[in-house]
Each structure stands twice: as C-alpha cells, then as structure tokens.
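Sequence order for the protein chains is A and B. For the first sequence, position 117 (counting from the first letter as 1) is numbered 117 according to my numbering, and the numbering increases by one without interruption. For the second sequence, position 218 (counting from the first letter as 1) is numbered 218 according to my numbering, and the numbering increases by one without interruption.
Accuracy of the hints is not assured; some may be wrong.
As the list claims (entries may be wrong) - Here are the simulated SDA-like cross-link-like pairs (lysine to any residue), alpha carbons at most 25 Å apart as the crow flies:
| # | chain 1 | residue 1 | chain 2 | residue 2 |
| --- | --- | --- | --- | --- |
| 1 | B | Lys387 | A | Lys119 |
| 2 | A | Lys29 | B | Val386 |
| 3 | A | Lys166 | A | Phe482 |
| 4 | B | Lys304 | A | Ser260 |
| 5 | A | Lys402 | B | Ile305 |
| 6 | B | Lys396 | A | Ala79 |
| 7 | A | Lys80 | B | Gln254 |
| 8 | A | Lys166 | B | Ile305 |
| 9 | A | Lys29 | A | Asp295 |
| 10 | A | Lys119 | A | His130 |
Just so you know, these hints were derived from the structure itself, not from any lab.
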Amino acid sequence: MTAAGTNKYDAIVIGGGHNGLTCAAYLAKAGRKTLVLESRHVLGGAAVTEELYPGFRYTVCSYVVSLLRPEVIRELELAKHGLHLLPLQSSFAPMENGDHFATYPDAASTREEILRHSKRDADIFPKFEHLMYQMAYAVKPILGAVPPNPASPGLRGLGTLRDLGKHIQSLGRDTFHDLTKIMTMSVSDLMDEWFETDIIRALFGLNGIIGTKLGPKSPGTAYVLLHHYMGELDGAFTAWGWQRGGTGGVSEAIASAARSHGAEIRTETPVARVIVKGGRAVGVALENGDEFLADTVVSGCDPHVTFRKLVEEKELPEDLVHAIDRFKFRGSSGKVNLALDALPKFTAMAASAPVQMVEICPSMDYLERAYDDSSYGGFSKRPYMDIIVPSTIDPTMAPPGKHVMSIFVQYASYDMPEYGNKDQQRDAFGNAVIDTLTEFAPNLKDIILHKQVLTPWDLEQQIGLTEGNIFHGELTLDQLFFFRPAPGYADFRTPIRNYYQCGSGTHPGGGITSGPGRLAAREILRDRN
Amino acid sequence: MPRKSPFHARTTELCTSQNWQEWSGYFSADSYELDHMREYNAVRTTAAIFDVSPLFKYHVRGRDAGRLLDRVVTRDVSKCRLGQVVYTTWCDDAGKIIDDGTLARFGDDAYRLTAAMPSIDWLQDNALGLEVEIDDVTHDFGGLSVQGPTSRALLQQLTDADLGRLPYFHIIESELAGAPVRISRTGYTGDLGFEIFVETSYAEQVWDALAETGRAYNLQPAGNVALDVVRIEAGLLLIDADFISSVHTLFEVQKSTPYELGLGWTVNLSKDSFVGREALRKEKARGPSWATVGLVVDILALEKIYADYSMPLHLPYTSWTSAVPVYAGAEQKNPIGKATSGTWSPILKQYVVLARVRPEHAKIGSRIFVEETVEGRRYAVPAEVVKLPFFDPARKKETLS
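So that you can see chain A by itself, here it is in the shape it has in the complex (with noise of 0.2 Å):
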C-alpha cells in the first residue's frame, strides 16, 4: 500500500461507465473526495466513442440517447459540459416487396405515409402515440423513486408506495388499466390490439425485444417497448437523440462535470476486489495490488461483477447470492460498427427520406424468427437490424462525405458453439448481418473501409458486460423496481455496509439514463451525513 494520506477518498467508485461517473459527480457535487477509477483506456464503460479507424469514430456500443433523465441534465449542468443532443426524426425501413415504411420530423408527412399503407392506422396511429405518451408520464415518477423493500418498506418506503399509489391514482382507471396490460403482455398482441398492417407492427413494436432474449410474442415485451419511450428530450416525450461526437460524449460530459466538482478519474486502472473488514468495505484493491481507501465503495459493474467477482461470497447472504446467480443476463444482441466510403444505396429507397435511422424488420414475422433462430444458441440468420448512420448529422464521426454505420444487431447469443471458436463464431455473425443487409443496400460490401463486430460475448470481454447484456440484465417485469437487482436489495446499499451499486443493475435499469448513478448518490449521501 503506497502512502495512506494521498490514498484516501471518502469515496470510491469502481467503473467509470456513465451512471459510475454519475453517481461521482453527485458525490463531488456534494462536497466528497471521489475517485473513479476505470479499467479501460476510455470513459463511458457501453457509453464509449472510439477512433478504432483513422478519422472514423464509433459508438462501440450504445448509440442513442433518449433515458438520460432531465433532472441529471439539469443538476450536472451537462449542456455546460459539452451534452449536445441532435434529434433523431427521420428513419427508413425497407420491406421485402421492395415497399419501404418512412417516417418523418413533422406529423403531417408521417401520416401521408402511413395512410400510404393503411387509412385505419394512419388514423389510430396519434391515438397511439397519445397512449405512449400517457404511459411515459405515468412511470416518469417511478424513475425517480428509490424502490422500498415491500415486504419491509419502512416509513419512508411507505411514503414512497403512497405517492407512487396517488400518481397512479390521479392518471384516471383506463390508463391504469392500460399500464398495467403493457406491463404484462406480449408487444406483438399490443400491436395487434392497435394496427393492422404488418409493417407498422412490427416498426412501432420492435423495441420490445431491445436487449431482451425474447421474442415479440413473448409475454413482458410489451414493457421493454415501453421502456424505451420513457425517454424525453426537451420536454418531448418518447424522442430520441443522437450525441454529437457518439454516446462517449455523454460520458465526457458528465466526467467533465464530476470534475469540475473535484472528482478524480483515472482510467486503465483495473480493480481486483473490494476490500472488506468486518463486513465494512473500506476501500479497493487494484489489479496491479495497490490499494486504496475510501469510506465508501460504490460498484458501477453489473449485479454478477458487483456482488460474484468484487466481493467474496461469504460476504454475502445466501438469498442474495442465490437471487444474483439466477439473475438472466443472456445477452441477445451484438454490435457490427461500419466505416464507409460512401452512403449505403438502398434498394427500397424513399427518395425523401434521408438515411439516417434504418430498420431492418420488414415484418413481426421476420422478428419472431429471428428469434426462433437465436432460442437454442447460435444468431439469427437474418437477423433484425437498427442502424443509425450519424454521420448524415454529425461531421465529427468521419471525414467529408465519408460515413460510419452503427449496426445493433439482435438476435445473437453469448456462445456459439456451432460456428466454431470465438474468432469463428465472430465472423459467422458479421457476415450474416452484412450479408442481410447487402440484400436491401446492394453496394454495402463495395463501400465498406472497416469494421468492427462485437458479439455478446465481446461485449463481455471488451465492456465488462455480464453475458454480453447491454442493460446489465434483462429489463423483464421479474428484474425491474423492487426486484432490481433482488428483492430487498433494489435500495442501491448492500449487506456489505458502505458497499452501494449504482450500475444499470439496479433501478431503473438500463440505458443511458443516469438514473441508477444519481439515485444511488443521493441514498449515500442520506446515509452518510
């Protein structure tokens, strides 16, 4: 151990990915010695833009922005900091008669295009829209709220419940009946309920299945799709953006505002374990055996790294132990990142709508056997596909007419065994993705200067992911709020005292929101004052 004086924090956070920095800048703000310590050579942990091609950057992992709560913007003054969000409005999906869907930035050309494929849903689609919208304020609360334990709450869990109950309440008994179907059933039986044509179906419905190893018929998805129109920006609900410079800028803004409340950040500087003294965790061991201490510990990591690999199990209660062994991270998603020589050619093209946001999901069908693929191990053959090309909006991503491809890719799995090694199984998934998508953009493969192809289990090997789950665990109805990460510890501490997590783990899970990362600074600070 080097000098104690110049190693000592009142707090330590292991992971410097976005709700890890966070949680450092609430704990600087309010006046505590922080440091962050990382193990990586960049910020942002799934929150990261990298150079990995000269003057092409990418956002390796996450790439939208929508969850970031707008009281984090708003107290970390994040916009100072160098937040920049560009709205995303227009996207394009090809379909496999050669048809496309579009939408478009005003209502107007929207419904034009919908009432191209459907006078009914062009009609129901506001009504929808409205639900979605009702629905976002409706849990807007509940991201903000520290989950009581309900089998203890205590008072102020109780206070929380009975707030929690009137909100509910004051939305009227159709809206509640209406969350609380979507909590509990499957997206392909709410888009049925809603639309009639296939395509918008499966367009308005595919983010039930984001990160989630279901399909769209699989009850539970119906919340994921509402998780992801939980975001806001600028006071619009359900609207999703784009950093400039990729989400690592996210995480630079908020490191920028940890330190400029007087928090230290050091990268490439791995943790080994938390170093615990009669059930008191009193600082951190590196990897390289330095040490350092800190009056309290907070993991960023995932539920699995948090309690499994930073701690010893005897730490540890059994339920807990039990609770995290069984807790479903099975990532079903992977990452192909494309620099380009020009933009992609789309067979199915509307002439009006730029390629921006494009979606591979011609139909419910093709996602439900995308899944299919995916059930038993493996990805799918042709899998499902939301691709942003940001360089249409944002020049720092590559060069003058040049541009980056972010490709989200589900279904794939954490092994896949049939394919071959990890380098195998790699490229299998890489070609099929590349050779999918060449049969809508037929000049892909020609324009293609690099790529990068990130499996499930490269997330978990390069991020730190846990089975390669980009939400640090699956977003089901089982893993949310009072069970996130287990029941009676969804509180942000744990049995080890001064031990707290404020990773995507806990609630309200995962995404770029900063919710966890906030929330948990601000139990640390009521428990340490």
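Go by the hints and put chain B onto chain A.
Structure of chain B alone, referenced to chain A:
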C-alpha cells in the same frame, strides 16, 4: 407580389413546406421543411445556408464617404480598417434607434452598409454638402449566409481566399466557384459563419457550387424559424421584436436608445458630431432608463405549474416574439419591464429570454419573474438574469494558424 431573390429558383425547389413570409419585399423561407429542428441543428452542428438577399445594401463611396457614415452611425468609422466590418446602430436626433446593420470597409473611401430598413433617404439627407456617392445595391446583389461549425471547411473547398485566417468581423474580396464575391466572417447566429455577397448574375452559379460541395458537409438550407432561435441564443436583437425603429412609430414609449438595448458599446461619444450625439451624451450621463438583459427561466418552477394541471412541462418548441410582462415578484404586482423574445434552447437545455427591465433589476444573478400563460391562466415564473450572449462558442471568433 413580393420580389423573388436571385436564389429563388433554387430555394423554391427545396422549400417543401411552402412556408414563406415576406421580408423587406422579398419572399423568404420560414422553414424549408415543416419542422425547423433539422435546420436549427445544422447551424449548431454542421452548416446551414440562409438566403439573406433581402437585406438592404448600400455602397457608399467618395472622398467624404467616411465622413458621411461617421455623421450617421454611432460607431467611430475612422477606426474601421480596410477589410474590417463593424456592427453599428444609427439614431435620430433624440438618440432613439432607427436601425442597426453592419458596415464594411472595402477601400480607403469605399464602404458597404447593410440595413434592415430602407435607408437611402436618411443617408442622402445627411450627405448634404459632402462629396459622396450612395448607391442602393439591394437588388443588385444576392446574399447568402453560411453558418455553422463546418461552414469554413466547406467554403474553403470553393475559394482560394484563406478563410482560416479571416478574422471575425472581417471581409475579403475573392472568387467563389469562379464568381466574384465578397466573403465576410459575420452572421446572425453567434456561431462560426460567413456571409457571401454576389452579383445577381452569378447567384445561381454560387448556390449550385455550395449545394454540390455542401453535400459532404451536410449543408442544410434554413429559414427564419431556425434563425430566430439561434439569434436569441446568441443574444442578438431583432428589429420589430426586441425594439422598434423610431421612424416606424409615432409613440415615444415604443422608441429606445442603444444604451437601453445593451448596445452602448456601439456608441462613440468622443467622435465629432453625429446624429443623436447630444441626446445620447445626456442619457449616458444620467443613466439609461432601461437595461436589456438575458434571462434563464426556472423550468422546475414552470414544471410545478403544469403539474397542477396534471400535465408534463411544456417548453416553447419555436421562439416567441410577442412582449410579455416582467415582474419583481411572483405576485404579479410590480411590473419592471417586458420580455421581448424567448425560446427553448436545445443546445443549452435552457429556456432563454431577452427582456428590457429597469436597471436596478439588471444585475447578473438577480431573480425576477416572467409571465407565462398555462392553460389560459397567467403566472409569473422565476428567472435569473445571466450574462449575454447565452451561447458563445470559441469557434465563433477563432482563426486557424
């Protein structure tokens, strides 16, 4: 019918929204698409192109050109060097503002003044006894404003002029895509940007070259809706919104002086006589009656008002320019001025407002109250006085070495 700008054949093809307004007798696009957001973001992220041809433009030449201008405008024209551009106001005898614009110096005795209003009459009246030639070239030149972080890299592809070294508020004579042009490092956006003035016969040639090269730089045609949001972010005043020209109103209460508008820095009292000098000198000595300030509205307070209606926070998606009262307190009893423009700033994530208030409330950090109407009811929402401009990126003034 309004006149068509020399770029109209091009802009009309692009203006799919058919969202036009009349600007100084010309058709001018409010937004090219129905939604202005892409145009707004182009200004702050890539590059946007505005057709600013309707600006009034005057060439002032001759031995006494500098003297004439010095008589008319509030800035010290003798300090304007060759190749420099200055922003200036001009006033009537009572020191009340008539108009504002930019003054560029092309030669020892050659200047160009731009104006929001027709000014030939005012210039000629003041030129009595001077050896000076005043040409209204408004309709002879098209104007394009290319604004945004990639504007310089884009323009540099089309000209030999070293734009990297062209300092803020300077102008250069050059060729752009083979057309003779004047390019100035100016704009109404508070961002890195340039204005290009070109004779109408070359207008389409210049537009086409910009459009072609601009493709790789995500150049986006943009209109007045986006422009109004960015100019508020930049803390720039708009005539007929934040102030009224003294020749456009008969009522004293509607007139204002440069000092009241926060433009005192454009008034040089030490130079020889100019129109309004005496009145402005007295005003400065006694202290102006109004101060123009930037306000940031407390949106948490606004959110609470909406919550009383079981509604989420609503923010203005576009700018507003209809004056609303500003109060000293929430009880709406003590009016201290008016807010004249406001907008949600997507880049700052703040609700920003330009207001004119009594000077004792103008201190940075002061907390005052702006009227907001929620569901037909008026509320006074707290706001903080902040430094202007709201948005001021380093790139606006930076040169490349």
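- Message: Tell me the numbers of any earlier hints that the structure contravenes, in ascending order.
- Response: Hints 1, 4, 5, 7 are the ones this structure does not satisfy, whereas the remaining hints hold.
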